[in-house]
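Participant: Use the sequences and the hints to build the structure in full.
Line order of the protein sequences matches chains Z and S. Every position in the first sequence, counted from 1, becomes a number in the working numbering once 5 is added. Every position in the second sequence, counted from 1, becomes a number in the working numbering once 838 is added.
Note that these hints are calculated values from the structure, not bench results. Hints are supplied without guarantee of correctness; some may be wrong.
[To be verified] Calculated cross-link-like contacts (lysine to any residue; reagent style SDA-like; alpha-carbon spacing at most 25 Å):
hint : chain 1 : residue 1 : chain 2 : residue 2
1    : S       : Lys956    : S       : Val1275
2    : S       : Lys1245   : Z       : Ala68
3    : S       : Lys961    : S       : Arg883
4    : S       : Lys1245   : Z       : Val89
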Amino acid sequence: MSTLDQLRAAYVPRLRAQLDELSGHLSAGEPDAAVRLAHKIAGSAGSYGLGEVSELARAVEHALDAGAACADQRGAIEAMRAAVPDVEAIDDAPVILVVGDVPAAPDLVVATDPLEALEHAMDRTLLAIVVPYTGGGRGGRALLRSLAGLDSAGAAPIFLTEVDPSEAAAVREKVGAAASFEGPVDEAVLEAIRRRLR
Amino acid sequence: MKPCAECQSVNPDAVERCLVCGDVLPSTGETLIDGRYRTTKELGRGSNGVVYMAFDVALRRNLALKFLAPRLSTKPKAVRRFQREAAALASIRSDHVAQVFSFGIDGGAFFFAMELVKGRTCKKIIEQHEDNGEWVPVHRALVILAEMARGLAAVHSAGIVHRDVKPANAVVERGTGRTVLVDFGLALTDGPPTDSGVVGSPAYMAPEQIRGTSRISGRTDVYGLAAAGFHLLTNELVFPTDDVQDMLRRQLDAPARPLSAVRPELSPLDDVFGKALEKDPEDRYASCAEMASALELAGAQWLKPSLPVTQSGEFEQPVAARILVVDDDDEFARLSVRASQIAFFGTSAKVARARSGEEALLDAARKPPQLVLLDYEMPGMDGVETLSRLRSLPGASKARVIVISGKAGEAERWRFDALGVDGFLMKPIELKALVDVISALGRARGWVPVDEEEDAA
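Facilitator: Structure representation (structure tokens):
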């Protein structure tokens, strides 16, 4: 699942709950609350790629703003519900985030690019982070800087790969890494990390 | 030199249009003014000269070049006044005064290079509000006046009187919201007023200026500041008349009407404006700083913080860029937070979220943000009021701001011109588009590295 799909998959259940809430406001004859919620849905649904839902919500907002009756908007709610796509259930089991080229596994989320890894780190609960200690704007060190500012990744231990053994101790101390490996990530490295986590 | 075929004026090689009549001049290939400035476009034109936007190829930055009109370049008095304006500005260090970098002559044309302040003049801001049947929010207007007063205090400390304080000569900078005084074309330095004839703008002109007496002082600018403030707060002039002679007569003799005659709710400010608009300079505030203090006291009901915030100097100094997402909608806020984190990839930027204007101000007072992604339509304190108060917080006053609106759209953008914002986006907006806007601003401000770099994690 791409990071955008993951984001949308997480959003859809919340959107469905918002539509239920909107329906409740309309049934209860609460136009002000309905306008506020329709306004929010119009702004966010389109931003999550659900353009039809956004347009329908905007129409409800405008109609109620213009004095239309709540009861007349119930059809639009049904149309919005119909326009919400079915999405895969998100997998929220804790995982090891790996930046590198390794086969997929149930306990791993693998990113080939550090920026993609950052997005996964925002979506998933992390058991550990495995990242190459490489420089450059799209290197592992750039990811580590970004993760430092991300509250959700704060507790996960960091395992560094591609670290020069002569600098390993200093690098581990600087990054606060749990361990480091000389080569790139592979099955042997992952197995060692799994053992540490057990 | 380029002679103009239309009016026969002689122009510097680097300009594309005649400085006198505006006619297109023949091209002579790219030429740099003074060996370093490349003009890019005309910004404004007056009777005494023309202002161009230019690029300084040596320091690689945009700035403004102000040229004295060629017809005046042969008049020693005009050249002296022009040079005096440049020298006056160059001697001042203030966030609220446009800075001059250099003075020169190129091909017989006198010019000076100065700070380029991009934004809206207060005159334009007043017009925008008037066109929409509204006033500039009182809080914001008072902050703008306080900043103008600070700029004028710096001007007076340098021994200069501006003599042309008016809304058209105060610019609210885009992006930072700071108010900057520009156009010191009538500035008068200390010493015998050798050319103190009637100069200035009638609607904001103090009586002693109209009389052309030698009593020009900082108190003359106090009057101009009050007249400009009256306009900013009411959309009306102190003496509303289109007849210049009538205007001048009333400036000399008629008592200034109180603000409350236009807006009764502003009656707490009447005494301050009444004193600042006294006919006799001796009866006015002695300085703009004194007037600003009085205004702060009288305007406490608008200026007082709506929330308990930390005092100046107590806020945390950030070690990395700090981004504040202000949005009452959890779903859109998630996207904004994510977009910020992606845009600032590779940095240690911290992204914080506030669910209301009140929460944003508390957060910003404690940890000043460099960038704010601000929702416009929020219950309680909306985006305009939130930003107005943010702009008066120590540490957070110059935060760059992107406004994100779900309803109002471009038609409401004018509201933010008085506050200085970098961008105005409409919801819905795709994540990638939001990332691109934030990235562009981050790169421009140096928060996001443009080149790959080696550094420590």
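Participant: Can you confirm whether the C-alpha distance between S:Lys956 and S:Val1275 stays at or below 25 Å?
Facilitator: holds (19 Å)
Participant: Starting from S:Lys961, check that the Cα of S:Arg883 is at most 25 Å away, please.
Facilitator: holds (17 Å)
Participant: Between the alpha carbons of S:Lys1245 and Z:Ala68, is the straight-line distance 25 Å or under?
Facilitator: The given pair, whose Cα atoms are some 14 Å apart, holds under the 25 Å limit.
Participant: Holds or violated: S:Lys1245 with Z:Val89, Cα cutoff 25 Å?
Facilitator: This hinted pair holds, its Cα atoms lying about 22 Å apart.
In summary, the structure agrees with every hint in the numbered list given earlier.
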